[in-house]
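Undergrad: From first to last, the protein sequence lines stand for chains A and B. By our numbering, the letter at position 116 of the first sequence is numbered 125, and the numbering carries on one by one without gaps. By our numbering, the letter at position 72 of the second sequence is numbered 524, and the numbering carries on one by one without gaps.
Check before you lean on any hint, since a few could be wrong.
[Unchecked claim] When the alpha-carbon atoms are kept at most 25 Å apart in a straight line, the in silico SDA-like pairs for lysine to any residue are as follows: (1) K421(A) <-> N320(A); (2) K465(B) <-> I428(A); (3) K588(B) <-> L384(A); (4) K590(B) <-> K235(A); (5) K235(A) <-> N320(A); (6) K27(A) <-> K611(B); (7) K572(B) <-> A19(A).
[Claimed, not checked] Incomplete in silico selection of chain A near chain B, CB under 7 Å: (8) D14; (9) N25; (10) A28; (11) K113; (12) V158; (13) G290; (14) I292; (15) L327; (16) T330; (17) L339; (18) G340; (19) M341.
[What the hints assert, rightly or not] Computed footprint of chain A on chain B; a stretch qualifies when at least three of its residues, placed anywhere within it, have a C-beta under 8 Å from a C-beta of chain A: (20) 499–512; (21) 530–539; (22) 543–553; (23) 655–661.
Think of the hints as simulated: they come from the structure by calculation, not from any bench. From the three backbone atoms N, C-alpha and C, an ideal C-beta is built for every residue, glycine too.
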Amino acid sequence: MKVTDTIRRAGRSLRNAKARTLLTSLAIGVGAFTIILSLAAGAGGRQYAQDIVASNTNVLELYVQPKQDDQSDSSKPKEYSEDPSISYGGGFSLKLLQQSDIDKIEKIDGVEDITPVYNVSAKYVTREGQKKYQASIESFTSTLKQEYVAGNGDTMGANDVVIPEAFREVLGFVDNSAAIGQNVTVAVDGATLGAPDKVVTLKVVGVVGESALASIGGSAGLQLNKDIVKELYQYSQAGTPNENAYTGATVTAISESKVQDIKTAINSQGYEAQTAEDLMGFIFQFINVLQGILIGFGALAVLTSIFGIINTQYISVLERTQQIGLMKALGMRRRDVGRLFKFEAAWIGFLGGALGSGLAFIAGTAANPWIRDTLNLGDDTNLLIFEPWSFVAVIVGLMLVSIGAGILPARKAARLDPIEALRTE
Amino acid sequence: MIEVTQLTKTYGKKHNIFTALDDVSFTIPDGASVAILGKSGSGKSTLMHAMSGLDRPQTGKVVIDGEDILTLKTKAVDKFRATKMSFIFQSFFIQANENCYDNVSLPLEIANVPLKERRKRVTDALESVELGDKIKSKAKNLSGGQKQRLAIARAIVNKPQIIFADEPTGNLDSATGEKVEDILFGYNKKNGVTLIIVTHDPDLARKCDMQINVKDGKIESIRESKTKSIANVTKKGVSTV
Ligand SMILES: Nc1ncnc2c1ncn2[C@@H]1O[C@H](COP(=O)(O)OP(=O)(O)OP(=O)(O)O)[C@@H](O)[C@H]1O
Ligand SMILES: [Mg+2]
């Protein structure tokens, strides 16, 4: 018997038992629905995270650190090295980058620029007639997309500063725009005992709103011009062994396509480089785990529906004993009888898959605007993104699962003795 | 020619052994119409199943066209049945939910006949049993006689050499039954197809060229009708329906 004829006959027997077919495939449909929505949520979540990462980190940048020694066994004595490092108690130490390392990395193909991390914090920041506040200091980078609530950093001069909205408040400016053009004073501790504080006066050019990433480790410090940060850092380290040594450095690539190559090159030279994507990897991991759990629920639904299919198909074989007997008497081969029932199962899987993913698509498309409003996502951000491959994969996958479930009943049908099947009651 | 030699079929084991066919031998010439007669439980159906390769008796031979079908592999026997044999049953065994066309098309699909040829053959077969106008009707909506005629259409559509009919008129009233008989014998005469009918009905048996009486699994007697000369029926091959 030709496969096409078998498929047609299989489809027809299902049409003759519409209610049963529909109910059985609905069970699979629940699984398909859940899995399709999970995949859509995962895709949408990753896209959304990508957008956040892109607007809060610079995709051209890599963060470089020295490769740290294995510190898992602190009882083992470690060899002394002349290289600068920060030592903590208990035999732990943090290796630092030196100027020679910086120079080496700068020569790597595709590197546009390298800036050491000037790890310095302000002793305090203040303004005439205001209290003094602790603050962290960061280098201003123009490539970072920030949400300015007043002014901006476009014309960042040597003595300019961008402050977070929170500091605008405590420093006594009545509103955001009132801060623009005003001076604030920043003081940094000297490196050695008795060295005087270094005090600089800076002009506020921009106020930034709360970063979307502030809650997951984004910055909330004062952003100063790179040169003055360097100056302050050097002042705070002058005369110590760690002068001209850095905990890390930020490398900027000339193009996004180079980022991965640069990472490989830096790593092969004995450093550890992380791309913006690496740094944000945990967000994706989180989304993937969540998606995995959702898909797990879908898989559970599919698993349950397998028993439904087995049951339905067994009943179908019993009901159609005479038909099977007749077909075998007419010379239909065992293999073809088995196939007929496997194809029936496949049809059920197809129907369930198509039904479930169709409903998921409709429901998801309808829910997207509502989710956008509720979660305050951007104007054209969809949290559920349906990718065509997921429909194909889910439907084909469910058809295979259904065929698997149909194997036992199909075998029963194929092995039926035609004489017994045709015995009149 | 169908040669049955020393066919023995038993059911059960040891103390419970039951011999349904006991050393049965006979020969049926091509194109003959044969009635297998006997009381209920005498082994008529068992004999028919053995002759068609549906059943595998313990000993004996069934030689059709020089080939012992009992020694063939399942696949080969299936092919044999798909291309050279057909069945008609007392309770029709048509697919109630399918239309007449699909019912009749089944043997052709099983025998891998191409779609185009199928269409013509199905229509011809239905027309020859006067169901040409019911081609799209659901089988369950047919009357008893129409159902059996549909079964006959299904049996002749693959142009078989042998048609087995197990009590083909058993479920029909005499008038309807007669019409079915006429169609069967007409086809048998016109196309030289061997017709083997299992029956209780002596009137039907009398219309056949040959009567095989079965009793308790043994051949009681074989009678050949004087009016017809079986020897004259030559192997014509199977012409169109
Ligand atoms: N699977 C089986 N197991 C045991 N005995 C069987 C089996 N099949 C048939 N028989 C027995 O074999 C004998 C012949 O059965 P068969 O069906 O050939 O009778 P029959 O002549 O066709 O009768 P009827 O006219 O009632 O159809 C019966 O006694 C029956 O009980
Ligand atoms: Mg019988």
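Undergrad: Which numbered hints are broken by the structure, listed smallest first?
TA: 3, 4, 5, 6, 10, 11, 12, 13, 14, 15, 16, 23
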